[in-house]
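S.K.: Make the full structure from the sequences, and use the hints.
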Amino acid sequence: MRSIHVSAITDAVKKLCMEANYDLEPDVLRAFDRALGTERSPAGRQVLQILKDNAELARAKKIPYCQDTGFVVCFAEIGQDVHVEGGLLADAINGGIRAGYTEGYLRASIVRSPFDRVNTADNTPGVIHTELTAGATLRIQIMAKGGGCENRSKYKMLTPAEGIEGVKAWVLECIKTAGPDACPPLIAGVGIGGTFEKAALLSKKALFRELGSPNPDPAADALEKELLERANRLGIGPQGYGGDTTALGIHILTYPCHITSLPVAVTIECHAHRHKEAVL
Amino acid sequence: MIKTAADGIKEVTPPLSDADVESLTAGDRVRITGTLYTARDAAHGRLSPLVEGGKPLPIDVKGQIIYYTGPSPARPGDVVGSVGPTTGGRMDKFTPGLLALGLKGTIGKGGRSQPVKDALARHKGVYFGAIGGAGAVLSRFVKKLEVVAYEDLGTEAIRRLEVEGFPAIVINDCHGGDLYQDGVRQYARD
Numbered sequence: 002m003r004s005i006h007v008s009a010i011t012d013a014v015k016k017l018c019m020e021a022n023y024d025l026e027p028d029v030l031r032a033f034d035r036a037l038g039t040e041r042s043p044a045g046r047q048v049l050q051i052l053k054d055n056a057e058l059a060r061a062k063k064i065p066y067c068q069d070t071g072f073v074v075c076f077a078e079i080g081q082d083v084h085v086e087g088g089l090l091a092d093a094i095n096g097g098i099r100a101g102y103t104e105g106y107l108r109a110s111i112v113r114s115p116f117d118r119v120n121t122a123d124n125t126p127g128v129i130h131t132e133l134t135a136g137a138t139l140r141i142q143i144m145a146k147g148g149g150c151e152n153r154s155k156y157k158m159l160t161p162a163e164g165i166e167g168v169k170a171w172v173l174e175c176i177k178t179a180g181p182d183a184c185p186p187l188i189a190g191v192g193i194g195g196t197f198e199k200a201a202l203l204s205k206k207a208l209f210r211e212l213g214s215p216n217p218d219p220a221a222d223a224l225e226k227e228l229l230e231r232a233n234r235l236g237i238g239p240q241g242y243g244g245d246t247t248a249l250g251i252h253i254l255t256y257p258c259h260i261t262s263l264p265v266a267v268t269i270e271c272h273a274h275r276h277k278e279a280v281l
Numbered sequence: 005m006i007k008t009a010a011d012g013i014k015e016v017t018p019p020l021s022d023a024d025v026e027s028l029t030a031g032d033r034v035r036i037t038g039t040l041y042t043a044r045d046a047a048h049g050r051l052s053p054l055v056e057g058g059k060p061l062p063i064d065v066k067g068q069i070i071y072y073t074g075p076s077p078a079r080p081g082d083v084v085g086s087v088g089p090t091t092g093g094r095m096d097k098f099t100p101g102l103l104a105l106g107l108k109g110t111i112g113k114g115g116r117s118q119p120v121k122d123a124l125a126r127h128k129g130v131y132f133g134a135i136g137g138a139g140a141v142l143s144r145f146v147k148k149l150e151v152v153a154y155e156d157l158g159t160e161a162i163r164r165l166e167v168e169g170f171p172a173i174v175i176n177d178c179h180g181g182d183l184y185q186d187g188v189r190q191y192a193r194d
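Same order as they appear, the protein sequences are chains A and S. Positions in the first sequence are counted from 1; adding 1 to them yields my numbering. Positions in the second sequence are counted from 1; adding 4 to them yields my numbering.
Hints listed in this document are in silico derivations from the structure and should not be mistaken for laboratory results. For every residue, glycine included, the Cβ atom is placed at its ideal position computed from N, Cα and C. It cannot be assumed that every hint is accurate.
As the list claims (entries may be wrong) - Capping the alpha-carbon separation at 27 Å, the derived lysine-lysine pairs in DSSO-like fashion look like this: (1) S:Lys97 <-> A:Lys155; (2) S:Lys14 <-> A:Lys63; (3) S:Lys147 <-> A:Lys62; (4) A:Lys169 <-> A:Lys53; (5) A:Lys53 <-> S:Lys14; (6) A:Lys177 <-> S:Lys97; (7) A:Lys53 <-> S:Lys147.
What the hints assert, rightly or not - Here are the computed distance ranges between Cβ atoms for each label pair: (8) A:Lys226 <-> S:Pro80: 15 to 21 Å; (9) S:Ala125 <-> A:Arg118: 51 to 57 Å; (10) A:Leu89 <-> S:Arg33: 49 to 55 Å; (11) S:Pro80 <-> A:Asp24: 16 to 22 Å; (12) A:Gln50 <-> S:Asp156: 46 to 52 Å.
To be verified - Not everything, but these chain S residues come out facing chain A in the computed CB check (under 7 Å): (13) Ser21; (14) Pro75; (15) Ser86.
M.R.: Here it is in structure tokens:
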């Protein structure tokens, strides 16, 4: 059994929240460069170049890449041989969010209730998913998830008869309807299988894979490549001004499902794809 | 006032007249200099009953431009933090009423509803797009910032910004033009 004190967790989350918002991950920057090599639209190329400049300025001045500094979605993988000491894991994570957002000049975007909509003023709470794993480490992944693109995320229960063609049509429909609203070029996280909530969770988790990396499942990888190619034929382009770069990636995770079901959840993520991780 | 600069970009200075708005076409690149008012979901929620009841608003929207944004806090010594546009469609419900009061422009990102497009034609209004997610770059064009109403709303308060050369593009003009539709028509390959 290994002990990890809550203060170490709070410190790690604080740092991840700040860095995620100031330093766009290299996988996203590489995706912009790949897109600049293929984009035909002059307006689209200009947008991609401005996004690169924006990332550079945000990093240099430590100001957020986007003013929507997001809802913090945290996946915590806790080794079964870890003992969290000194308090609750969720409190430690929320403490890190609070410190990161208030000390880091990041926007408070969370309201305490969907009804009275009073801002909590420190961007807490986050959405925290915990999973038990083997070993004695704690892996914390965080995403600062933008609201505009999240609003375009969708879910559909397909029938087994609709099959893989039904899945393709639905994912492309989601990207098409997200259109310019979701700040393209976008990334689609796709969860296929499981139950209602499992597919939705997978669609978020899928976004953490490095952009441009192959899916370890060959069937899912082929599907991702076909969907990305087709998404980029829709013509929406960077910011929706028309062009060839509508999506930077389609990431799929699957799970076994019931004989009656083919659930498909699509999380839409914008180009401000702020994700970071730490292992304690 | 609108003038075309030597580089072909239209220099937009509010307040705008009907003729100014009529001179803009979907796809035109513009630089805006002067006053912008920020307002997003919560501020529009408070303005709405005033508009419907014919009561005075905390800002005079006549000839003005509303920027849909909720900036991040400024670091000490900075005017503003990150300040990019939010999705305009969420304000669709409120926009026709404000255009009827003389509002001339809005800045956001993402598509607008048909009733908004109809109201742009009827009242001579324009919808500009700024680059969503480029809030750090856009902050450089903001020279002054002042909260003018609803301070309790935090980032959603109404702010008066003084901008210089703020870059945007015409998405929806008052003649029915729509850059998003034109863009897809030009580049779709299926």
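S.K.: Can you let me know if the beta-carbon spacing of Ala125 (chain S) and Arg118 (chain A) is within 51 to 57 Å?
M.R.: Because 33 Å falls outside the window, the suggested range is violated.
S.K.: Could you tell me whether the CB distance from Lys226 (chain A) to Pro80 (chain S) stays inside 15 to 21 Å?
M.R.: 48 Å, violated
S.K.: For the pair supplied as a hint, Lys147 (chain S) and Lys62 (chain A), confirm whether the alpha-carbon distance does not exceed 27 Å.
M.R.: Between Lys147 (chain S) and Lys62 (chain A) the Cα gap is close to 17 Å, so the pair holds against 27 Å.
S.K.: Has the given pair, Lys97 (chain S) with Lys155 (chain A), been kept, meaning a C-alpha gap of at most 27 Å?
M.R.: 22 Å, holds
S.K.: Should the interface hint for Ser21 (chain S) be scored as holding, given a Cβ-Cβ cut-off of 7 Å against chain A?
M.R.: With a minimum Cβ separation of about 27 Å from chain A (threshold 7 Å), the hint on Ser21 (chain S) is violated.
S.K.: For the pair we were handed, Lys53 (chain A) and Lys14 (chain S), check the Cα-Cα distance against 27 Å.
M.R.: Holds: Lys53 (chain A) and Lys14 (chain S) sit about 25 Å apart, inside 27 Å.
S.K.: Checking one constraint from the list: CA of Lys14 (chain S) to CA of Lys63 (chain A), max 27 Å. Satisfied?
M.R.: Status violated; Cα separation ~32 Å.
S.K.: Given Pro75 (chain S) was flagged as interface, is its beta-carbon under 7 Å from a beta-carbon of chain A?
M.R.: With Cβ-Cβ at 5 Å, under 7 Å, it holds.
S.K.: With a cut-off of 27 Å on the C-alpha distance, tell me whether Lys53 (chain A) and Lys147 (chain S) pass.
M.R.: 23 Å, holds
S.K.: Under 7 Å is the threshold here; is the Cβ of Ser86 (chain S) close enough to any Cβ of chain A for the hint to stand?
M.R.: 4 Å, holds
S.K.: Between Lys169 (chain A) and Lys53 (chain A), does the CA-CA distance stay at or below 27 Å?
M.R.: 31 Å, violated
S.K.: Please work out if Lys177 (chain A) and Lys97 (chain S) have their alpha carbons no farther apart than 27 Å.
M.R.: 23 Å, holds
In the structure shown, a violation is registered for the earlier hints numbered 2, 4, 8, 9, 12 and 13, in ascending order.
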